[in-house]
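Enquirer: Chains P and W are the protein sequences, given in the same order.
Sequential numbering of the first sequence, starting at 404, is according to our numbering.
Sequential numbering of the second sequence, starting at 4, is according to our numbering.
No lab work stands behind these hints: they were computed from the structure.
Hints are not guaranteed to be accurate.
Label-pair restraints from in silico Cβ distances [said to hold, decoys possible]:
#1 P:D526 / W:M99: 48 to 56 Å
#2 W:I250 / P:L578: 24 to 32 Å
#3 W:K159 / P:S445: 47 to 55 Å
#4 W:G215 / P:D443: 23 to 31 Å
#5 P:G446 / W:G215: 22 to 30 Å
#6 P:S445 / W:S33: 55 to 63 Å
Glycine included, C-beta positions come from ideal geometry on N, C-alpha and C.
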Amino acid sequence: MKAARKLSPLHRYAAYPYVVWAAAFVVAPLLFVLYYAFTDRSGSVSLTNFSRMFNGDTLKVFAISLAFAFIATLICLFIAYPLAYAIVKTKKKTQNMLIMMFMLPMWMNFVLRTYALSFLLEDKGLLNRFFDTVGVGHVRLIYTSGAVIFGMVYNFLPYMLLPIYSVMAKMDKSLIEASEDLGCNKFRTLINVIFPLSLPGVVSGITMVFVPSVSTFYISQQLGPTDFVLIGDVIESEIKTTGGVYNYGSAISFVLMLLIFACIAVMNKFSDEESEGGVIV
Amino acid sequence: MKITGKVYMGVIFTLLYAPILVIMVFSFNSSNSMAVMNGVSLRWYKELFTNEKAIDALVNSLILAVTSAVISTVIGTAAAVGIYHIKNKRVKSAVMSVTNIPMMNPDIVTGVSIMLLFAFVATLFGLGIFGFFTLLVAHITFNLPYVILCVMPKLKQMDKNLPEAALDLGCTPLQAFFKVEFFELIPGIATGLLMAFTLSLDDFVISYFVAGESFQTLPIYIYAMTKRRVLPDMNALFTVIFAVIFILLLARNFMTKDIVPKKAKEV
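Pulled out of the complex, with its shape left as it was, chain W reads as follows (with noise of 0.2 Å):
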């Protein structure tokens, strides 16, 4: 039983990595064959650090995840905050039913709901709004009940009697909140906003449907070179994008023990 299970994770494990390590291996490739090593070089890394549409891309990524990411923490963690203190259960089964409605639809209905809204406001105004600011609202869209669902249960573990002594010892309940409550919800809050981080950093298909010419994501850019077609300098950003996340879940991993998984869609 034991050997079987071992070489059934073997099996799996080497179907999963064997199209990971070719695309390393052949990012170093001297020519552009696909099945041949003609030599060690890095050409297509040099290809790469030298494209500037896939630098413009890269840094609108990073740009649209800090700010989305932060923006739907902001108004996320509020919302948990007021979401958990409705008292009136139908209004609050109502607004978690909302909440709900972006995790369950496909990314692609998502996608194409709110890009029906921005052509309606574009045919209204005239105006040519798709770009950084629908890729931004998107963004925060789809994020905000990640941040809620991280937040919501620190604040179901809260002791209710902290912020109640807080105002008991004279706090306002301004004070209370950011001097007794945040602290206590700052687990919740930073996996919100790395989970908002990554989610925004990934995705694609709901992207693609919002954005404009002006402002492509890297998602939207990879798509747009490998439709079809195989691209070695696609090779070495495959490569260093990996190399990335695996030292950074390295790093993590050596911090903390859990690991967050990435989507992970409570539905």
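The following block holds chain P by itself, in its conformation from the complex (with noise of 0.2 Å):
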């Protein structure tokens, strides 16, 4: 009955804008990395940063990098799962309360938040004031990988519970019954029903916490020990001293731009065949 009306002009165009300034600012800066990273310092085309890359010791630091990444999402998965399940347990008014609460601090500059971290661990900070007074002695709590982990941790937390928060809430609750009806204890009810469906919220909350993780650069030179870099620190000198010649640097965005990619695209399919799997279960 309805007669297809053509598009008018304003729908057809409205997105012209928008694909221009996406194809300058997102394709060609892209184009740019890849540009750099395949080329040397003359601007001959050459694999010499990725033999420099494979050889040396940047390949050590890609694998520092990921491992304390992965720490620190383990971490904040084993911290914020059960955080998300004694939230979901509370009353609806009380759930959007804590939940506010234990947003809170995101919305603080993640520098800032850092910096808080440091000035409490600080070697004349309060804690190691604390130590002295109680007899503990001085205990090096700044300036060590573990103080590194711990300020992954403390910033990204938060990503990692609100994506397993919001699928938790709005989890079936008559599935979780069924199970409990038909003979499942409330562990085993924990293992095969609530676990599966809240899959999809554990994968965003990894994807969340380890991107930011293994390609940060400030919270190892604020927490870290003298001398350690993580994979960020090593593109952030690059690209920053060294006069103009961004190959390294850009190699090494690339590898770590595809070694993202990669992870996320493992994360989500992971997501796609359990979250189906959950729904038979």
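These two chains come separately, so use the hints to put the complex back together.
Expert: The following block contains the structure:
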């Protein structure tokens, strides 16, 4: 009955400014990364950046960054999952307030949050003063690798909490009741019903913590030992302090980008399959 | 079970807020000690509010956040409308993939890539272009996907008969859009605008790479000030910012019920 109306020019051309913008400032910059990554400082095409990366210390730094981000993500998951579970168990009104309270620090800039952490962990800070008073003596807290992990967890924990909580809050309560009616105890319900259903939240939480952790350069500079570098620090110093020689920094950025995209693709695939499986359970 | 849950929440809450509380208390310290309160004073607040560089950085951040939020909301809203009406599925998914790139990419890669583009332009024309303009372009770029993602669902929810009716009743397409469709999209546009504003205000990593000497934002200034050292007037700044955020969130919580998470990357 309804005749297909021709799209008005307004609707047809509305996306054009954006497409031009994205081509100029999203696609073109990435092409520059690609160009610099595959050329040497004289501008001729070469793979020197990559051979340098895979033969030298950078590979080790990559491994350390991945390991640190992995540990931080795991700790976040182990802290946030029970937390989300505990929050969901409260009344709806309390839930909103609790989530707001746990998300509030997220609204502070992360540079400031990390600063607050370093203030507390400092050699002359409150914690060490406390240790001195109780008689434990001085404990090195700041400028340690532990502090870097702690900084990542402290900064990114809410990124893990929110997606897991959102999925849990929307969960169909009758499925949990059904599982209990069918003889599962609380623990088995958690493992067999709640966990599979919450996987999409877990997956997006993992990505949201892992990506900023693996690419950070501020946390390691502020809280890590002297000379301690993560891959973000290498990129930062290569880009900022080499006076216009961007090749090596671009090559590392390129590899980091591929790595992250691969992680996201794997995680998304994992979550799709599992969530379907979860529905069948 | 219930008591363990409460204790657990209490422990995490304490860990989360302990550093914040310590900073706030010590911002009123009369000395610069990090462990002993020597007396209560507003000394560091006085220093902060007479610190021209800090005030400049704050003003810069606000100017940048407002302009980039407004521009990205205009371009992004139009983009959402346009993308929504693209018939060719391949083109549509290509555009959406490009839209996802800044959200998936680590900030450091986005920052480096945009910086490389500007560095190229700078060598081409021999100009020092890094400053407000480069920051503005970068901020609009990382704001756009979020605006589009905020507006898109409203387009999908909209009753398609509404603009049809307006056209049947004699509106030109332009009138139909601004008199009918636009009002249906307002909640999404408002959320997008707010989100763009906070993202821009909050960004450190991307700004760090594309900023120049002439124009510093607040996060960049704080970074430069707090690198491996402690400055008491930063404690005062921290407290002021925390208080402002707390009041804003409280006010908003009274007005609306949902909490829009900052940087809720939909990966």
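Enquirer: Each hint needs a verdict: does it hold in this structure or not?
Expert: Now for the hints, and whether the structure bears them out:
no.: 1; hint: P:D526 / W:M99: 48 to 56 Å; result: 50 Å, holds
no.: 2; hint: W:I250 / P:L578: 24 to 32 Å; result: 40 Å, violated
no.: 3; hint: W:K159 / P:S445: 47 to 55 Å; result: 52 Å, holds
no.: 4; hint: W:G215 / P:D443: 23 to 31 Å; result: 27 Å, holds
no.: 5; hint: P:G446 / W:G215: 22 to 30 Å; result: 25 Å, holds
no.: 6; hint: P:S445 / W:S33: 55 to 63 Å; result: 59 Å, holds
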